[in-house]
Amino acid sequence: MNENHSNQLVRLTAAQLAAKLAAREVTAVEVVQAHLDRIAAVDGGDRGVHAFLHVNTEEALAVAAEVDAIRAAGGAAADELHELAGVPIAVKDLIVTVGQPTTAGSKILEGWYSPYDATVVEKLRAAKMPILGKTNLDEFAMGSSTEHSAFGPTRNPWDPDRIPGGSGGGSAAAVAAFEAPLALGTDTGGSIRQPGAVTGTVGVKPTYGGVSRYGAIAMASSLDQIGPVSRTVLDSALLHQVIGGHDPRDSTSLPDPLADLVAAARLGNVDGMKIGIIKELHGEGYQAGVEHRFNESLELLKQAGAEIVEVSCPNFKYALGAYYLIMPSEASSNLAKFDGVRYGLRVLPEEPPMTIERVMGATRAAGFGDEVKRRVILGTYALSAGYYDAYYGSAQKVRTLIQRDFDAAFAKADVLISPTAPTTAFKLGEKLDDPLAMYLNDVATIPANMAGVPGLSLPGGLADEDGLPVGIQLLAPAREDARLYRVGAVLESLLEEKWGGPLLDKAPELPAPELPAPSLAETVTSHGGSH
Amino acid sequence: MSDAILSFEEAMEKYDPVLGFEVHVELNTKTKMFSSAPNVFGDEPNTNVNEVDLGMPGVLPVLNKTAVESSIKIGLALNCKIAEYCRFARKNYFYPDTPKNFQTSQYDEPIAYDGYLDIELSDGTVFRVEIERAHMEEDAGKLTHLGGSAGRIQGADYSLVDYNRAGVPLVEIVTKPIQGAGSRAPELAKAYVAAVREIVKNLGVSDARMERGNVRCDANVSLRPHGRERFGIRSETKNVNSLRAVEHAVRYEIQRHAAVLDSGEPVVQETRHWHEDTRTTTSGRAKSDADDYRYFPEPDLVPVVASREWVEELRATLPEPPAERRKRLQADWGYSDLEFRDVVNAGVMDEIEETIAAGAAASVARKWWMGEIVGRAKNADVDPGQLGVEPATIVELSKLVEDGKINNKMATEVLDGVLAGEGTPAEIVEKRGLAVVSDDGPLLEAIDAALAAQPDVADKIRGGKVQAIGAIVGGVMKATRGQADAGRVRELILEKLGVNA
Chain A
1 MNENHSNQLV RLTAAQLAAK LAAREVTAVE VVQAHLDRIA AVDGGDRGVH
51 AFLHVNTEEA LAVAAEVDAI RAAGGAAADE LHELAGVPIA VKDLIVTVGQ
101 PTTAGSKILE GWYSPYDATV VEKLRAAKMP ILGKTNLDEF AMGSSTEHSA
151 FGPTRNPWDP DRIPGGSGGG SAAAVAAFEA PLALGTDTGG SIRQPGAVTG
201 TVGVKPTYGG VSRYGAIAMA SSLDQIGPVS RTVLDSALLH QVIGGHDPRD
251 STSLPDPLAD LVAAARLGNV DGMKIGIIKE LHGEGYQAGV EHRFNESLEL
301 LKQAGAEIVE VSCPNFKYAL GAYYLIMPSE ASSNLAKFDG VRYGLRVLPE
351 EPPMTIERVM GATRAAGFGD EVKRRVILGT YALSAGYYDA YYGSAQKVRT
401 LIQRDFDAAF AKADVLISPT APTTAFKLGE KLDDPLAMYL NDVATIPANM
451 AGVPGLSLPG GLADEDGLPV GIQLLAPARE DARLYRVGAV LESLLEEKWG
501 GPLLDKAPEL PAPELPAPSL AETVTSHGGS H
Chain B
1 MSDAILSFEE AMEKYDPVLG FEVHVELNTK TKMFSSAPNV FGDEPNTNVN
51 EVDLGMPGVL PVLNKTAVES SIKIGLALNC KIAEYCRFAR KNYFYPDTPK
101 NFQTSQYDEP IAYDGYLDIE LSDGTVFRVE IERAHMEEDA GKLTHLGGSA
151 GRIQGADYSL VDYNRAGVPL VEIVTKPIQG AGSRAPELAK AYVAAVREIV
201 KNLGVSDARM ERGNVRCDAN VSLRPHGRER FGIRSETKNV NSLRAVEHAV
251 RYEIQRHAAV LDSGEPVVQE TRHWHEDTRT TTSGRAKSDA DDYRYFPEPD
301 LVPVVASREW VEELRATLPE PPAERRKRLQ ADWGYSDLEF RDVVNAGVMD
351 EIEETIAAGA AASVARKWWM GEIVGRAKNA DVDPGQLGVE PATIVELSKL
401 VEDGKINNKM ATEVLDGVLA GEGTPAEIVE KRGLAVVSDD GPLLEAIDAA
451 LAAQPDVADK IRGGKVQAIG AIVGGVMKAT RGQADAGRVR ELILEKLGVN
501 A
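Chains as they are written, first to last, in the working numbering: chain A, 1 to 531; chain B, 1 to 501.
Bound-form chain A, shown alone:
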C-alpha cells in the first residue's frame, strides 16, 4: 500500500470506510495499518498531536485480520458482520479495557490494567471494531484543555500551540488529525462537545442513561455520559447506535429501546421544525467570530425551512456555579477509592509510622494532580455537615430549575441551538493558572448535563479573527437524541456547501513543523509525555 493510498484512507469517514470494507475494495488490515501509520507520523515528537497514551497495535491488527478472514470466507458469518466491523476507533483513557492500560490521565493509575471491559468496549468488540488505543485526557476528566493530563498535554491539530479542548482533547484531536475516524469520549460538563468545537469535529453527549456508564471511571456519576466523537454527524450516529441501549449493569441506564439514530442522520430534514435560540447562551462573553458563525448557522437553518424562535432559560446563569458544587461533591466520593490499598500507585510516607492513613495520604498526595486535588477539596467541603444544605442542597435545587427551564424551552422549540463554547481554542498554558477562566469554557455545555438532555456539537466554520474552528451546539429533550442527528445532518451539509467541503480539509498539514518554542517545549518535557 503506497503512502498516498494510506493518506486517502485515513481521510475517509467511518461510513465511507464501512462501505469500502463491505464492497471489499479495501481490507480492514489496510485500514487499521493506515491509521497506525498516521499515528506514528503525527502523534509523537515535541510538536506532535499527542492524542494517544497507548497504541494498541497488535490487537487492532488482529481484530482487523479476523474481520478480513470472515469477509473472505463469506457466508452467514460475513453477512452477520456489523456494518462498522473493521472500522477502527480510539477510546478515551477513562474507559476501561482488558488488555490495554487505563490511566484516567493520572499517575495514580499508571500501569493499571482493568480486569474487565466497559460495556461500551464490549459492544465495540462485538461489532469487531479494532481499538487503535487509548486517548489522552485531563486527569480523571477534570479540565477543559487536556493540560491537566499527568502525561503531558495534547495539541490542537489546527495549531500545535493551542489546546484541543478537554477533557476529551485526545479523542477529538485524534479524529481531527485523521489518526482515527471515530473515538469514544465522556462528557460530564462538555468534555465531548467543547473539544469537538475547538478541533472542528463532531461530538455528541447522549441523553443521560442512553449509553451505559459501566466501565467509565466516574467523575460525577449523575452528570457523566459516554458518547461518540467523529468527523461527521452520520458517523456519530453510526457509533451512537453501536454503544447505546439499556445495560442491566448500569442502574441509571434507560430501559427504552434505542431510536434509529442513523436513519435520523440520513433523513436530515428541518422543514417546519422550530429551532430555539437560547437567549442566555450567546452574545455577551462570546467571541465575535463565534457569534458571527452562530448567526450564520441560524440563517442557513432558516433558509432550509426551519423556524427560528427565541427562548429564555433564566436559570442557566446559575448552572456553572451549581455544577461546580455537584460535580466536585460526587467526584470527591468517586475518587476516594484511589488509596493505594487495592490497585494502582502506592506511595509510602517518607517517615514512619507506616499507618494506613499515612499510606493513603502519601499515595493520594503523590498520585493526584492539582486540579483533582482542588475538586476533591471543594467537594469534600461542599458535602460537610453544616454546609451540605447551603452548597450541595442548593445546587440540586438549581438543577431542578434548569430542568424546568429546559421543559419550558422545549415547549416552544423542537431543538435548541447555541455556540458550543464561548471562544475558539486558546493557547496552551493561557488559562492554567486561572481555574475560573478555564471553567467558564463550559458555560454553554453544562446545562445539558445538569438536566440530562442530549447535546451535539458540530463544526460551524472558522472564526474570522483567528481562523480557528467554531462549534455549534444543538440540544434536544431527553430521549430525543434522534432530533440532534436530524438537524445536525442538515446544518452540516449546508455548512459544507458554504465552505466548499469538510472544514477539516482546511486544517494545516501534519506533522506540524518543528518550531523553536523554548518555554513550551520545556513544559511538555517536564510533564514527561509518554505513549
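Any given hint might turn out to be false.
Said to hold, decoys possible - Straight-line C-alpha distance at most 20 Å; calculated EDC-like pairs for lysine to aspartate or glutamate:
#, chain 1, residue 1, chain 2, residue 2
1, B, LYS201, B, GLU22
2, A, LYS397, B, GLU132
3, B, LYS142, A, ASP250
4, A, LYS427, A, ASP161
5, A, LYS397, B, GLU120
6, B, LYS201, B, GLU69
7, B, LYS91, A, GLU357
8, B, LYS65, A, ASP250
9, A, LYS506, A, GLU480
10, B, LYS238, B, GLU276
11, B, LYS201, B, ASP383
12, B, LYS142, B, GLU172
13, A, LYS123, B, GLU51
14, B, LYS91, A, ASP161
15, B, LYS176, B, GLU120
16, A, LYS431, A, ASP389
17, B, LYS176, B, GLU109
18, B, LYS176, B, ASP16
19, B, LYS65, B, GLU84
20, B, LYS367, B, ASP332
21, A, LYS107, A, GLU371
I should point out that these hints are in silico values taken from the structure, not numbers from a laboratory.
Mind docking chain B on chain A? Use the hints.
Frame of chain A; chain B shown alone:
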C-alpha cells in the same frame, strides 16, 4: 486497667437506664447487595468477589431485588411503615475494609420506619420496644490485624483483608430510646435481640446465626438519675454477638456508668469493645454526633419505589409471627406454662410440632423430646434438632409401646439403636431380640419363683395390701431381664393369688 463498677443493685437504686439497639441482620440472598458475586459464608478469602465488590475503577452498583423484598418483610414483621419511595446514600469514610471508601447505605430515607416489637419478659409482662427504622446497607470486608497489637489496626505489623463479606446485604434495625425497663434492662436487651433474631429466622431472610455474625448487636446504654427527663451520655458497645453477651454487656455498662456518675465525672460518649472472656468492655474510639460522613444521595442508584400492591403481596407471604405461633401451639398442645417454656428454652418447639403432625400425641411428643432427646443432644453438644431424630421415628416408637410390643425401657434402647444408625425401630426390635415376653408360660414360672422367694409379700397381697405387689413384679422383671410386660405380670400375679384389684 479495668474500670470501676457499682453493684447492679446499687446502680438500679440510683439510676434509671435508657437503652438503644442497632441490630445488623445479614440477609441470606444468593448474591450480594449490589453485585452478582455469591453471598456465601466461610469460603476461601477473596474468592466471592468481583470487580464491583473490589471497588475497581468504573464499576457501578445494581440493587438486589430479593434484598429489598427481604428488607420490606423485616419492616412489616416489625410493624413498620414501608416507604413508598426511598434512596440510598453514600457514607464517606476512609477505611480499608470498605473498598470504595464509602459505604452504600440509607441515611434519611429508610425503607421501613416507625414500628414496634412486643417483648415477653420472664415476669410475664410484655414490654413494647419502639422501632425507629430499618434500613438497607452493605456489609464491609473483614480485617485481620496481625502482629504488634491486640487485634487492632493501630500498631499492627500488617493487616489482612477479606472482601468476601464486602457487599453482603444488611438490614440495620434501630430502636427508639428504650425507657422504663429498670432492673429488667439486661433481660430486655437479651429478649429483644432474641426476638429480632427469631423474626428474621422465621421470615427465612437470614440464617440468623449469631456465631457467624449473621445477627450483630450494638448496644447503647445511658443512665439518668431517677425522675430526670433528659438522657445521660451514652456509650455504644459494638458487636455484641451472642444473646448472653448482650445481657451481660448491658448489665456491665449500667454498672460502669453508675460508677462513673457516682465519681462525679462525665460519661464519655464513645464506642466500647465487648470482651467475652472477662465480661467487660474497654474504651474504643471517641464518637461524637459530629462525626462527619458527608452523606449524600447515591447517584449511581435509582430510588427504590415500593408500590402499595407490592408491599401487600409481600405482607401476604409473611409467616405467622413467632409470639402468636407460640400462643397457638401452647393452647393446641395443652402444655402448662412451665412445660411450654421448657420446650421453648430447650429449642424443640419446631420438632415437637412436626412430631405431633406426624401422628404422635402432644404429651407423647413432649415426653420423648424433653425426656430423652434433649439430654442426648446435650451430651453430644449439638442442637436437639440436629441429632438426627425423625418425627416418624418417635411416632413408631410410641406406637410399639402402646401396642405392648416393647416397654418404655426397651424403647429408649431402640432410640439409641436408631441414633447409632442400626435401622428403623422395628428392625432394631427384631435385631436385638427386644420383643416383650407375652407368652404367659415363662411368666407364670417366673411369678411362681418370685412368690416363693418372698412368701411374706405374697401374704400381704393376699391380705389386701395390693400396693406391695411392686416387689414381686420387680422380681419377675429381673428374672426376665426386663422383657416382660409389667402390666401383664401384675395381672397374672393378682390372678394367681386370687385377689381382685
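A quick look at each hint next to the structure:
1. B:LYS201 - B:GLU22: 17 Å, holds
2. A:LYS397 - B:GLU132: 29 Å, violated
3. B:LYS142 - A:ASP250: 27 Å, violated
4. A:LYS427 - A:ASP161: Holds, at roughly 6 Å.
5. A:LYS397 - B:GLU120: At roughly 48 Å apart (the allowed maximum being 20 Å), GLU120 (chain B) and LYS397 (chain A) break the hint.
6. B:LYS201 - B:GLU69: Holds, at roughly 15 Å.
7. B:LYS91 - A:GLU357: 18 Å, holds
8. B:LYS65 - A:ASP250: 15 Å, holds
9. A:LYS506 - A:GLU480: 33 Å, violated
10. B:LYS238 - B:GLU276: 12 Å, holds
11. B:LYS201 - B:ASP383: Holds - the C-alpha atoms of ASP383 (chain B) and LYS201 (chain B) are around 16 Å apart, at most 20 Å.
12. B:LYS142 - B:GLU172: Answer holds: LYS142 (chain B) to GLU172 (chain B) is near 18 Å, not above 20 Å.
13. A:LYS123 - B:GLU51: Cα-Cα ~19 Å, so holds.
14. B:LYS91 - A:ASP161: 44 Å, violated
15. B:LYS176 - B:GLU120: At roughly 18 Å apart (the allowed maximum being 20 Å), GLU120 (chain B) and LYS176 (chain B) satisfy the hint.
16. A:LYS431 - A:ASP389: 31 Å, violated
17. B:LYS176 - B:GLU109: It holds: about 16 Å lies between the C-alpha atoms, which stays within 20 Å.
18. B:LYS176 - B:ASP16: 16 Å, holds
19. B:LYS65 - B:GLU84: This hinted pair holds, its Cα atoms lying about 15 Å apart.
20. B:LYS367 - B:ASP332: 16 Å, holds
21. A:LYS107 - A:GLU371: Roughly 13 Å between the alpha carbons, so the hint for LYS107 (chain A) and GLU371 (chain A) holds.
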